[in-house]
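Asks: Which chain is which? The protein sequence lines are R and B, in order.
Per my numbering, the very first residue in the first sequence carries number 1; after that it's consecutive.
Per my numbering, the very first residue in the second sequence carries number 1; after that it's consecutive.
Check before you lean on any hint, since a few could be wrong.
The list that follows gives simulated cross-link-like pairs (lysine-lysine, BS3-like), each with its CA atoms no further than 27 Å apart [stated by the list, open to error]:
1) K491/B x K453/B
2) K56/R x K74/R
3) K56/R x K215/B
4) K12/B x K215/B
5) K107/B x K74/R
6) K123/B x K56/R
7) K12/B x K92/B
These are computed hints drawn from the structure, not numbers from a lab.
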Amino acid sequence: MSEVIDAGGHPNGAYVFRIYLAGGAPNSVRALANLYAICRRHFPESHRIEVVDVLKEPLRALAEAILVTPTVVKISPAPEQQIIGNLSEEEEVLRALGLPQKEIQ
Amino acid sequence: MSDKKRAALLEKISSGIEGFDDITAGGLPRRHTTLLMGGPGCGKTVLALQILVSGAISHGTPAIFVAFEENARRVSANAQAFGWDMPELEKKHLFFVDACMRADVVKSGAFDLTGLLAALGAKASEMGAQLIVFDAIDVLLSLLHDPAAECRELFRLHEWLAEHGLTGIITTKIEDGKAGTAQRYGFMPFMADCAVLLTQRTTDRVTARTMRVLKYRGSPHVLNEVPFVIGPTGVEVGSSNGVHPEPQPFTERISSGVEALDAMLCDGFYRGTNILITGSSGTGKTTLAGAFIEAACRRDERTLFISFDENSRDIVRDLATVNLDLAPHLASGLLRMESVRTESASSEEHFMRVKRLITEQQPRCVAIDPISALARVGGGLAARAVAERLIYLCRNAGVTALFTSLLEGIDPHLETTSLHVSTISDSWLQLSYALLDGERNRALSIIKSRGSKHSNQQRELIFSDTGITLAELYAAGGTMLMGTLRMEKEKAVETSRNHHEIDQEQRETVQTMTEGDPRLSAAERDPRKRTGGTAKKKPASAKTGKLGKSK
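Looking at chain B on its own, in the form it has when it is part of the complex (with noise of 0.2 Å):
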């Protein structure tokens, strides 16, 4: 068979859903039959109208829609929800069939679909239509109460399509979510040249839609189960094997609103990049994230903060006490912020969310706090595809994303989120409390700098009304001072240096070699370094562990 025939025979027409298109390579087959089956509000209905009604906007292609399970007119208000112009397309491009049999109507005996056939001949061949949708023959055809006759009609209703030249979608219901069970569709599938199944599932109380293509005759086609949602404007499918170009990799570095931090960074994140701060609740991660946001502003950037489950004032509120102001830039439209309840909606429906923000608001930056929350909704597995395409989204649209990541387990030690999203992020900060001396302070790790050198230091994390800085540890002793005894480590040192002037040539040589050391950063050439290095290399963790044991 030649390349231009076998094109011939697989022609397609896209069904106007990017994701959609993605797992059938292109869309339906054209002048086929394509099946879409699933249980009671899967979306059958919605997906199949969507296609004609994306086909009439964008092409103008004429269509048919035959209802014969809900009032045609029903069906036809329904799409007005998704911001469609039915009255509109309706006028030139959509007829609908009102096909519910009225209550009524007394059955005696066989019937056949060849009157309607005919009919809808006429009036397909009247008006030019391409396209012409069946929906929930399942409902008329039952009727017959005769699984052979039911399969004849069907199989009637297939040859009339490729008789005419015609795109035929046909919705059917079946039970329990498999095609399997419908015993008396069980052909179905066979007949089609495509088919596809709808289901909905229920984890931990939240529902989540899904498709899969079971078959597509003479086409390549996503075996796997993608996930969809219905929203605002209709059918979305999460296909995660969209091919996207490559974004050329950023070399400008952004600051990370903290200016300590930076210097550990080597000079912050580099754009179009992820970052990952993770931590046990009260770290600060919200308010890292705050800062990383308000530098961006403060350039002139446009961003994006979506909290869950914290209100966008109070964040504003709490930022205030960090010398952090949002509030000029969430009035200016520079900085949006969003708000969202987790369990209001499924993982995927967040997602769909998140990327529908993040074309409204065209951000530079984004922050999402905490990613974690995602976790909680709809099943590990499926939240974390979505936290994945979360990043990839981002990193897709060369905006530069933090994540923030909440760890709830008792072990501080234990450095993995619950997302498993710390393998794909670019650079990975940690936070964490230690405890010493009846004292809790933050302590601020960097984990991973993807691309770019950083410091191994753990520093100290402080909160003040004039902002946020990062304070070096001491080692003395073995341990790691931090907060009071830091600030009196810190006291000693200044007294001596003034003191004795020996002292500060001592300190002049070890920076010396220190800067001759091409392996230390340059946040370890600070001048404010650190007097002793002896201990630096042993982990804050090795030191709380020894404090706990103690008390």
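Bound-form chain R, shown alone (with noise of 0.2 Å):
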């Protein structure tokens, strides 16, 4: 069910997100945009968002010990990291990645 937003690129050094929304509740609407705005800023030719709608597939959500919507995973490059929130504190999102955050400004 869920959708793959593939930018193509390098499958090695490639950075695979998932995120797991509650359909069109704000706060999902809200961190999708954020995890675009954030992947097309940072990592533009080398990204890959896969997107879980629980509200679709809510028994995936119970298997998978995703407890809030929105959850953002990062699977790939290791280790797995969960963000949970709609990702509004990019600051939070970057350390998180383990991104310099001085490359917002």
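Put the two chains together into one complex, using the hints given.
Replies: Pasting the structure below:
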């Protein structure tokens, strides 16, 4: 059911994300937009986003231990990292991804 | 609104905990939200889990437990300690969701419960769940750092429960045990249909748990705080509201274990009543309790002897010195003796323990020695309530119960008990010491014996290696003779009887008169009847007081 948004590029150095959303809930919509923006800004050529709509695949969220929506999981590069929230605090996101925060300025 | 409609609105599901159903007038509101609030370690998780488990065991109700604070596996493992077969229950009826946020999760911006609720909704319909627990939801919501957002999510949860027709239990921590201190969750009790506050208080170094129903929409409930314990089988709520069938009063008489005392009581105690024996230290309370129990065992009745702070073996050894042999009854299982350390638990826990022991042993006679030990733990009010409930527990079970109570006051004439149980006791025996001419002698008197005649005289209580006896007191020159003086007087009377036929005739005359007087009890018609009755109404206290002054 999940939708894959692939920016193509370098399979080895690619950033792979999975985002769990609750349909068109405001926080979910914002999170997806913020994730796009961050990806475009920081790794425009090498990212991949898988979108899981929990409303459509509710049992999958339980199985994958997703508690809240929106939740973003950075799958690659390792280690896996979970970020919850609508990603409006970009600094937190960058820190979680291990990116230098200076770049935002 | 028709009664039927009202009943439909008020539909309840049993919590499976007798006392909890008592205080909520039947249990949780079906298809509504119940809130359990309390400080850390108050027993919220155990209570919520127990409600699920008992629903699953007795009605096969499928249910979901969402654990936000503790690891779900650990919650389930802890539950096994209460004897609940979690693996089996999880196979059939219960589903645990581990909603413990991992420590390495980063939070960026607002989130909501929409996804979680969608997932739980799917799971609930898949397994046909009717009950769902959100344990420590505050842990997750506090990550929002926004009181308004927290309220919004709680409201979302509340709506979701209503929409799915689920009975919800939400537990949340509050600080200081006061609902008002939780500003953030101040509105939670308003939102919920039923709110219960759990507290834990320490009085005199002993901690006791209580719960109180803050509100219950559309239903009557007990307003008072009620004690509860977390025992080996889970939560037990000590509600005094329980309606129990009034036991049929017995007319059968049973022996006190002391023949002379039975005579004073006009044939012993009524079965199913309760007896209080008060006295200061060393007056013989335990020995009389032992005699009562031993007599019951000889009648082949199951018995229970609970002693606070005295080793059972010591009691058996001590009673053997007055020719009371409990050992064979202990060996046969007819008698069960339990020795309890008073300070090991709160008075409420002691109550629950006694209740369990009564259920296990199914005794016809119980002795609790001394019940006043309860006053030492958990504060006076709680102990008083417990002592009272113990008495009612025995009465409702049709058990004849003997309680001893230590009098510690300096005034030996102050005939009250620290637990104020004397008013609800059916029979009350008072033991004391009388000091006379360098002797300390034990004295016994009956203060009351409901529904029965009884002797109004004080007797000397004598323990010897042949058993327990009571001797009549001799009144001579305004004082009561006890011990050596009494024996001398008895000897003198015996001598004079042999020598003077006239004296004998006089005694017979007195006896005939006595028999003719219906106000006098059978005890007083005893052939060993005293010769002079002039000073018998004079209380022994007056005598001891006088002696004290003369010394």
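Asks: Now tell me if each hint is right for this structure.
Replies: Going through the hints against the structure:
no.: 1; hint: K491/B x K453/B; verdict: violated (31 Å)
no.: 2; hint: K56/R x K74/R; verdict: holds (21 Å)
no.: 3; hint: K56/R x K215/B; verdict: violated (38 Å)
no.: 4; hint: K12/B x K215/B; verdict: holds (15 Å)
no.: 5; hint: K107/B x K74/R; verdict: holds (13 Å)
no.: 6; hint: K123/B x K56/R; verdict: holds (13 Å)
no.: 7; hint: K12/B x K92/B; verdict: holds (23 Å)
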